[in-house]
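Protein chains: 2
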Amino acid sequence: MSIGTDISFFFSPKSIAIVGASPIPEKPSHVILGSLKRIGFKGAIYLVNPKYSYINGCKCYRSIAEIKDDIDVAIFALPAPRVIECLKPVENVRGAIIVSAGFKEMGDAGRRLEEELKEIVERKGIRIIGPNCLGIYDTVSRIDTFFIPVDRMKRLKRGGLSILTQSGSFAEMIVDEMASEGIGVARIVSYGNRVDVGETDCLNFLMDDEATKVIVLYIESVDDGRRFVDVASRCTKKKPVVAVKVGKREAGVHAARSHTGAICGRYEIYRAAFKKAGIIEVDGYEGLKDACKVLNTYGLVEGKKVLIVTDGGGVGISIADTCEDLGLEVTGLTEETRKRLSSKLPGFSATGNPIDLTGSVTDEDYVIALEAGLREEYDIVIVAVLWGPPEITERLVDKLKEVRDTYNKPMIVCSPGGEFTRRMAKHFEEKGMPVFYTPESAARAAAVLAGGKR
Amino acid sequence: MSIGTDISFFFSPKSIAIVGASPIPEKPSHVILGSLKRIGFKGAIYLVNPKYSYINGCKCYRSIAEIKDDIDVAIFALPAPRVIECLKPVENVRGAIIVSAGFKEMGDAGRRLEEELKEIVERKGIRIIGPNCLGIYDTVSRIDTFFIPVDRMKRLKRGGLSILTQSGSFAEMIVDEMASEGIGVARIVSYGNRVDVGETDCLNFLMDDEATKVIVLYIESVDDGRRFVDVASRCTKKKPVVAVKVGKREAGVHAARSHTGAICGRYEIYRAAFKKAGIIEVDGYEGLKDACKVLNTYGLVEGKKVLIVTDGGGVGISIADTCEDLGLEVTGLTEETRKRLSSKLPGFSATGNPIDLTGSVTDEDYVIALEAGLREEYDIVIVAVLWGPPEITERLVDKLKEVRDTYNKPMIVCSPGGEFTRRMAKHFEEKGMPVFYTPESAARAAAVLAGGKR
Chain Z
1 MSIGTDISFF FSPKSIAIVG ASPIPEKPSH VILGSLKRIG FKGAIYLVNP
51 KYSYINGCKC YRSIAEIKDD IDVAIFALPA PRVIECLKPV ENVRGAIIVS
101 AGFKEMGDAG RRLEEELKEI VERKGIRIIG PNCLGIYDTV SRIDTFFIPV
151 DRMKRLKRGG LSILTQSGSF AEMIVDEMAS EGIGVARIVS YGNRVDVGET
201 DCLNFLMDDE ATKVIVLYIE SVDDGRRFVD VASRCTKKKP VVAVKVGKRE
251 AGVHAARSHT GAICGRYEIY RAAFKKAGII EVDGYEGLKD ACKVLNTYGL
301 VEGKKVLIVT DGGGVGISIA DTCEDLGLEV TGLTEETRKR LSSKLPGFSA
351 TGNPIDLTGS VTDEDYVIAL EAGLREEYDI VIVAVLWGPP EITERLVDKL
401 KEVRDTYNKP MIVCSPGGEF TRRMAKHFEE KGMPVFYTPE SAARAAAVLA
451 GGKR
Chain E
1 MSIGTDISFF FSPKSIAIVG ASPIPEKPSH VILGSLKRIG FKGAIYLVNP
51 KYSYINGCKC YRSIAEIKDD IDVAIFALPA PRVIECLKPV ENVRGAIIVS
101 AGFKEMGDAG RRLEEELKEI VERKGIRIIG PNCLGIYDTV SRIDTFFIPV
151 DRMKRLKRGG LSILTQSGSF AEMIVDEMAS EGIGVARIVS YGNRVDVGET
201 DCLNFLMDDE ATKVIVLYIE SVDDGRRFVD VASRCTKKKP VVAVKVGKRE
251 AGVHAARSHT GAICGRYEIY RAAFKKAGII EVDGYEGLKD ACKVLNTYGL
301 VEGKKVLIVT DGGGVGISIA DTCEDLGLEV TGLTEETRKR LSSKLPGFSA
351 TGNPIDLTGS VTDEDYVIAL EAGLREEYDI VIVAVLWGPP EITERLVDKL
401 KEVRDTYNKP MIVCSPGGEF TRRMAKHFEE KGMPVFYTPE SAARAAAVLA
451 GGKR
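Residue numbers (my numbering), protein chains in the order written: chain Z, 1 to 454; chain E, 1 to 454.
It should be emphasised that the hints constitute simulated quantities derived from the structure, not laboratory data.
Among the clues, some could well be false.
Stated by the list, open to error - Under the rule of at most 16 Å between Cα atoms (straight-line distance), these lysine to aspartate or glutamate pairs were calculated in the EDC-like manner:
| id | chain 1 | residue 1 | chain 2 | residue 2 |
| --- | --- | --- | --- | --- |
| 1 | E | Lys344 | E | Asp363 |
| 2 | Z | Lys154 | E | Glu419 |
| 3 | Z | Lys14 | Z | Asp72 |
| 4 | E | Lys305 | E | Glu281 |
| 5 | Z | Lys88 | Z | Asp108 |
| 6 | E | Lys157 | E | Glu430 |
| 7 | E | Lys238 | E | Asp283 |
| 8 | Z | Lys305 | E | Asp209 |
| 9 | Z | Lys305 | Z | Glu377 |
| 10 | Z | Lys27 | E | Glu391 |
| 11 | Z | Lys88 | Z | Glu122 |
| 12 | E | Lys401 | E | Asp363 |
| 13 | E | Lys154 | E | Glu181 |
| 14 | Z | Lys276 | Z | Glu324 |
| 15 | Z | Lys409 | Z | Glu250 |
| 16 | E | Lys426 | Z | Glu302 |
| 17 | Z | Lys305 | Z | Glu376 |
| 18 | Z | Lys426 | E | Glu419 |
| 19 | Z | Lys426 | Z | Glu391 |
| 20 | E | Lys401 | E | Glu419 |
| 21 | E | Lys305 | Z | Asp69 |
| 22 | E | Lys154 | Z | Glu419 |
| 23 | E | Lys27 | Z | Glu391 |
| 24 | E | Lys426 | E | Asp398 |
If you're wondering where the values come from, they're calculated on a predicted model, not measured in any experiment.
Construct the complete structure from the given sequences, taking the supplied hints into account.
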């Protein structure tokens, strides 16, 4: 579908036009205007709507043609048939983001509109993101076309993750949750029906994008399997790529068709393609969330040996179970280390893997256990902290951070619980220590760092 | 191991003794005294410690023997060897809760202490909960021996769930989380090393306990497989029983041994036993949490047909995928219903299953979709609510509740997101509508209601 390969102008536009601009606060186009200002877009913003001369004191053009400037990105927030009408006479637009629904996902009438759209833009050489999407959220070039008001969906600070998604709702969910947890992103592209620009074009751009350290994909389908595997294979040599495949089963496959018009194909084919391309596959929204959180802080590791340190037996066992389910190795400590630990830790402690410090634990016991364990050949450590034991204190946060920074191994904190626990989790996160709230999610995060489920 | 079968006095004691009582706030015994007062235990509380004459103005006895009353439950919060010393001369105690660690889980020396403990209590006919446990949290008879201060672990209000667990840390995690979400319980027993009273005795009691509507089990091992299956089989005829088996894999099995001294046995044997007994098996802490949450509100259903209504395509597809993975049926609507829906819903909507109301959704669209869908033969409905779409409002909470109450089908709300979403979730929960924060957890909850994974 792609006309050229360069889509980088979408991520560094000098001029943006909002087509269908409106002074009505609830309108998506109005939300987008506000968002572009809030995020601090530095280029020119042109408003287009024949109904208005001015919107909020800014000049409003009757048509795109009336603007005496080249438009890098025109954002269309109009009913589907109007999008076509507005695009037909256009000569000065490089790329369009069409957030409007009402195309291929809508059956025959919509499919015809989408065919027409495709024909127009191919003829004119305009690149398209969408339709039926949220568009771009970009903390680097400061673009935000996500038309959900900020009181309903918080915005993310800058970070190294970039996310590509067919589903707008996935983007909405993960953006809102990650923002609440203080995680940052570089660029997010929600491309919906993917009439033109899709995952492969974006991957191709992000591969060499310095702002992007990790790429996360939500996939219902890919448009060109061979090209996808080719580009993804090159991409995974440069930075980690994580993917979730949605629409695996019958009902999901069917729903995906009416969602973004995607033909899902057999899940097994996707699994094989991911594997071939070196993509780390995760399961569902939970897997994607865990991956985003852990890769926001840590890079991939070479091996798959996990050390577990806990102050609760049951949570330690659960982490160990899940780690082994996911193909990680929970190997025991050497006899020498066990002896050293037994001499330093209180008698209740169990010096296996997990190292169980029990409810008698002190802050210092965690340090002793970790310093002994991390001298061995572990790749990742999961530290379970239940805050019930009376002798552990807030100082534990700094102590764990110090150990992590000294030994330079990814440390995943697992801390299930309620209000007190969540308050402590904020402290961990302020120090750059990601916290996971279930034994299973901590293990899933470790599996991502080890390159995914085996 | 059981001496008699009646353990009901643990759940309706007239007198409690705290052995090892202390005026020092950090001591477990002091926390327990405070907890018994806070929860409003109505019987007599006796304090025992030869070091003190009075603690906080209350008389303190030198020994249990000095108390001129029969003690229904004596709580021991003392070092393991001292527990044995104190129990030896005792004649007026029916049951003991020994929270102290330092027994079987501690290797040879501890194992000898535990043997001694067992011998003493068998001779005297005293029933034991523990050692190495949190004991009992009971909102019916108002007992709380969980020795974790309330600022670190919130307490639960009264409800119909009863939880039996070998692991104290699982109890801690789930209590704290459920309390934060406003879920209630009847009785929780953390029995740790299970020198005497275990899951089967407790099941036997809870089977006919009117306060208990649902039983949830955390199991590392069972003590007597045949008796367990026998009692559980009778129990599941009267009320739902849910279980999680922990210590499935090598590292977990090994850790369980040093945790509660449990010999786990092969996981496959447990699976078969659960199935035979009609127990609903769930996976890990996440599965257990979902089960507690959904069974706090809804009962089991006969069939396994799920209707999904969503305002986000991607989240709907994910729910459908997970439902089918778990053996639920996501069957389509009848042609008649589809036609009715198409005529009433805006054109963007997809009238499959999921019914996708898209970002153009209004509060009323949810009602239309649900009223049409619920006339068909679905057993459970999952309603995904993403709060991004501008036209849905807080009033949706009441509208959904009204539909649920009218059609009398379990309605599981799935609402992933950040701060706004969590605020709305509180409203749902105040109305008795459980909210799940990932597509996967909503589907897992539905699978529990349908009797577990197929």
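Evaluated hints:
no., hint, verdict
1, E/Lys344 x E/Asp363, "holds (13 Å)"
2, Z/Lys154 x E/Glu419, "holds (8 Å)"
3, Z/Lys14 x Z/Asp72, "holds (6 Å)"
4, E/Lys305 x E/Glu281, "violated (19 Å)"
5, Z/Lys88 x Z/Asp108, "violated (21 Å)"
6, E/Lys157 x E/Glu430, "holds (14 Å)"
7, E/Lys238 x E/Asp283, "violated (23 Å)"
8, Z/Lys305 x E/Asp209, "violated (46 Å)"
9, Z/Lys305 x Z/Glu377, "holds (8 Å)"
10, Z/Lys27 x E/Glu391, "holds (10 Å)"
11, Z/Lys88 x Z/Glu122, "holds (12 Å)"
12, E/Lys401 x E/Asp363, "holds (12 Å)"
13, E/Lys154 x E/Glu181, "holds (11 Å)"
14, Z/Lys276 x Z/Glu324, "violated (23 Å)"
15, Z/Lys409 x Z/Glu250, "violated (42 Å)"
16, E/Lys426 x Z/Glu302, "violated (43 Å)"
17, Z/Lys305 x Z/Glu376, "holds (10 Å)"
18, Z/Lys426 x E/Glu419, "holds (15 Å)"
19, Z/Lys426 x Z/Glu391, "violated (20 Å)"
20, E/Lys401 x E/Glu419, "violated (22 Å)"
21, E/Lys305 x Z/Asp69, "violated (57 Å)"
22, E/Lys154 x Z/Glu419, "holds (8 Å)"
23, E/Lys27 x Z/Glu391, "holds (11 Å)"
24, E/Lys426 x E/Asp398, "holds (13 Å)"
The structure shown violates the earlier hints numbered 4, 5, 7, 8, 14, 15, 16, 19, 20, 21.
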